[in-house]
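Novice: Sequence:
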Amino acid sequence: MEYNFGVIEQKWQQIWKKNETYKTDINPQKPKYYVLDMFPYPSGAGLHVGHPLGYIASDIYSRYKRLQGFNVLHPMGYDAYGLPAEQYAIQTGQHPAVTTKINIARYREQLEKIGFCYDWDREIRTCEPDYYKWTQWAFIQMFNHYFDTKLQKAQTIESLIKVFETNGSKGIQATCTEELTFTAEEWDAKTEREQQEILLNYRIAYLADLKVNWCPVLGTVLANDEVSEGVSVRGGHPVEQRVMRQWSLRVSAYAQRLLDGLNTVDWTESLKETQKNWIGRSEGAELKFYPTPALPKWEGESVDLDSQNLENTLASPPLEGTEGRLSSSLEGTEGRFRYYTTNKLDWNLLHDHAKAMHNEPTEPESILWEMLRTKKTGYKFRRQHPVDQFIPDFVCLEKKLIVEVDGDYHLSEEQIELDNARTEILENLGYKIIRFSNKDVKSSPQYVVEKIKSIILNLDVSLISETSNQNAVPPPSGGGQGEVISVFTTRADTIYGVTFMVLAPESDYVKICTTPEQAAEVKEYISATKKRTERERIADRRVTGVFSGSYAINPVSGTEIPIWISDYVLAGYGTGAIMAVPAHDNRDYAFAKHFNLPIIPLIEGCDVSDESLDAKEGIMMNSGFLNGMTVKEAIEAAKIYITEKGIGHVKVNYRLRDAIFSRQRYWGEPFPVYYKDGLPYMLDESRLPLELPEVDKFLPTEKGEPPLGRAKNWNYTPPQIAPKREGDHPTPTLPKGDGDCTFQTLQNVENTLSSPPLEGTEGRFYPLELNTMPGFAGSSAYYLRYMDPKNDKALVSPEANQYWRNVDLYIGGTEHATGHLIYSRFWNKFLYDLGLVCEDEPFKKLINQGMIQGRSNFVYRIKDTNTFVSLHLKNKYETTQIHVDVNIVSNDILDIEKFKNWRPEFENAEFILEYPASTLPKGKENHASTLPKGDGESVDLGSQNVENTLSSPPLEGTEGRYICGWAVEKMSKSMYNVVNPDDIVEKYGADTLRLYEMFLGPLEQSKPWDTNGIDGVHRFLKKLWGLFYKDGNLQVSEAEPTADELKILHKTIKKITFDIENFSYNTSVSAFMICVNELFTIKCNKKTILEPLVILLAPFAPHIAEELYQALGNQNTVCDAQFPVCNETYLVENSVKYPISFNGKVRFILELPADMHREEVEKTAMANDQTIKQLAGATPKKIIVVQGKIVNIVM
RNA sequence: GCCCGGAUGGUGGAAUGGUAGACACGAAGGACUUAAAAUCCUUUGGCUUCACGGCUGUGCGGGUUCAAGUCCCGCUUCGGGUACCA
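Position 129 of the first sequence, counted from 1, bears residue number 129 in the numbering used here, the numbering being contiguous throughout.
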């Protein structure tokens, strides 16, 4: 019987299926072991040979563990939501659910052919409602919890509310978006809305206006890990920064725990390092700098730029290029400044009047104010705030927008005229005026707010604006203590070297610091930076910046320093402002040099004439109380000093940001969220899953809403006020507005409008969230779901979780290091805090399999002909390099017939074949082969290709053949280098594929797919088969094994066991080959040897192992056999071959008894004839004998 | 820039500080065959020698050691991660 892999593999795959060989259940009698693969995204292209690499590795380990008596959980599923299916749907109109289903079927078919031991009963798909119900459920939990920084743990939002009710925000230690302060009384006085708004500031899943990565081409927001070098990871489309109201997960709250947890897991150092960098903990201090002059100045308090300040200015080195600017900033305080939008005289006159109006608002004014003051528009409004000679009802200073609410008398002709005049004056001052009638406001306040919001979004930002002061009216006496600019630094020791400050262009501080004189310049700079994409900013490292006009006082030295604005400071990190120490920071140095700012060296003997000294070493100078300390001492001393003096505090910063969780896409999990008065509420858990609705097109709506905006009746109806009849929605009567306004909100406006805005009926229908969840949502807890995939009561039952606990071995690619592997750890820790899972870390051991790259083949067409020249002759011609399908090339030899049939244009191709190697012309004339034009990617790799092909010398034995060039490239369709596992299985069998993928090289290493060596592995299996069958008959002997045979077997058992434990599968395969070669040589056919060998091989090549195991007379599956154990007694050697070396060079081998003592070995070696010959009469200086290893004679 | 990995024959790759190149591919020669495929045997880092053997050899330059691919220092170079992170 021949080794007929096709028949054998099909047979066993059917038996496994029929017998449910791989079905797993909880079994308390056995220890558990959980082996997990990173589940694939089912793409339309199907699996290529790169995908199974990790799956084979984990499959081997699973089978090995099972043979050792473990109850192994080894599941598989699909990460089925994602962009490609949606992009495809947009192009073709095919529903992503349909294409995804087809792709999954194809994946399943391909996976089954390889013979994995998955328990397919546990298969999960993230796009199935049964599954994403629990994704939505987890989101609700996150909404209902906040993170207590003291306990380092998630706590219920109810417990936070209790604290607010008793103590206000005092003593709250919670991670939040923005620090808030209020008392218990203030909390109680707040409306439901206001309270909800405040709670959003603390929730772990929260909605906030954030600067996000917006990808216009994909039409969606992306998380930080989905963006690399300014372009989207998927598709490489440009990404820009935008402020949008989005759902986020407060992953940053868990930064420290995510960092600490790394010490408890068995991951590679490099992966832990990547995560550490991504989390980016840095210890430092936050320092307070006070801008000078304190602003504003002219309500009684004196402008006290006293002599002390001037002295300080003089004491610090003269600031070049800033002369005269100090006075201009002083002048700035005399004009209109910040929220003083009228002149001093008018202000005082109008102010009292305004106050009076304040206290007697009309009803519509009150309604609108209630909505505007809570920043529902995203901007701050003031009421009855004097502007020029008028007192408008509401004004947003930041956007120069005035909102008037008019009574009926405004309809009189006389009043219209007056209003128009007033409008004209205000418009000339740069304000936009928008009017609503009392009726508008009363009947549909929500509509009015939406309208204001839409207008405000389209207004250009004016620079000089309000403070971040929360009061609705200007502070009566202007305060006097002024603003504080906080900076974060890891080098508090360099405080005496601060010669300027820099603000990020997006920083709120910019508004505070920009003086009117500098406003134009600053505005221009900011709009210039805004225009640049992230990518351009990265690519172009020119130093740019602008002076704000203001100065600040160094809190330690008292020196006055200028405040600059530059985009080298990031708004999102630290405080968005830095203290610049040009002598000891290269970025500050470049900036100082460019703008001619002073540089004060702080380290004794350092030279900062050419570059900064960034290293944390040396002795401090020019640094007051820090002088004479080492840098490390100074860092600590400075921290203590600033804390004691109240100038600042010690602070730990993390680079890790919260995860933006909204995507403006269709093919993802819907949020279990509805909106009431513009605020989000969670659906009741009983309403889950909230299923993804059908839409007519997978595109944004005309209004720019996400695709879910197209869904019909995408509303939530609370049970108690459900309408009597479905679809009974009266057409709303709406106030008219400006035609030019569009809605750009999160809410489905159409749906909002479909709920009638009539008295007493508001809130009958609530619009549902239109965004969907991102790709990582579904993959964050899937490993838990596998434990209990059919449970409809919980994500996972406590019993299942207690038994399976967490993943013992996780295998997948490094590309998930900063995405999935951060998010799922976060997700797991959150569930752990809630007591829902019993392990803090989800993945105990993690291995990253290397990428399998493509190996492309090329043919060389002589220019303007249809003649192809073989590799080593191509330099004699001018040729064009063309990718050729690797599947018609074998060992770099082109199958000419297949090539002719490959494409019609090659049908009549002619070939110039290799000459005998000896007749080959020498030299490398005419190197210039023309690289393929067109798609940039292949051109990019051109140089590499050329080098590879030129450096490979002509091979022998190639005469008369067409030899192709080759290069390592990404495996992709366009390079014709995709190798499909099905084809390999077809040709060689799954066992050969499995062994060969493992044999290719170390698991963790990236390597090109090269079919050249596959024959060797296939031969090995045939040879193994040959130990059992001779001339088609089973010839296995029951005879007792010899010592040699036992030694061969047990040596192999030892090696294989060791290698599997160390995931060194490539050497295992070679150990099998050695074993079979040796058994073959001695013609061993004994069952006692062959049976353990088959069990040993079963994890690697399960089909042939099952077949041979059965042939040996076993009834049950080899999967339930016992893994052989090495018996060391068979390995004992009675002699050792000592290499005898002289000065480290081995000259001959001496075989000596293994138990011979050191002295005896030395004596025997020295007495040997060859030793005497080597010594040639000389006396050795030293003789080293390593028992059982080597003898070295030093002369 | 910073961090992490690599660099060994024509190729993929082996080698707890102890005979560098296991195992496999490819190649050469041979056996079987009318022939091919398959299979089996021999050789295969380079240089040198009829041969025995000798010399040399793990990216480069130093060092530690009786002994270095392996450890240390300094480079070169390739790959990956990350990036004005203060």
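No lab work stands behind these hints: they were computed from the structure.
There's no promise every hint is true.
To be verified - Calculated lysine-lysine pairs in the DSBU-like style (CA-CA distance at most 30 Å, straight line):
id, residue 1, residue 2
1, K1083, K1022
2, K442, K703
3, K876, K844
4, K1054, K844
5, K11, K876
6, K23, K844
7, K845, K876
8, K11, K153
Novice: Each hint: holds or not?
Specialist: So, going through the hints one by one against the coordinates:
1. K1083 to K1022: Given that 30 Å is the threshold and the Cα spacing comes to 15 Å, the pair holds.
2. K442 to K703: Answer holds: K442 to K703 is near 26 Å, not above 30 Å.
3. K876 to K844: violated, 58 Å
4. K1054 to K844: holds, 26 Å
5. K11 to K876: Violated, at roughly 54 Å.
6. K23 to K844: holds, 23 Å
7. K845 to K876: violated, 55 Å
8. K11 to K153: Violated, because 53 Å separates the two Cα atoms, which is more than 30 Å.
The structure shown violates the earlier hints numbered 3, 5, 7 and 8.
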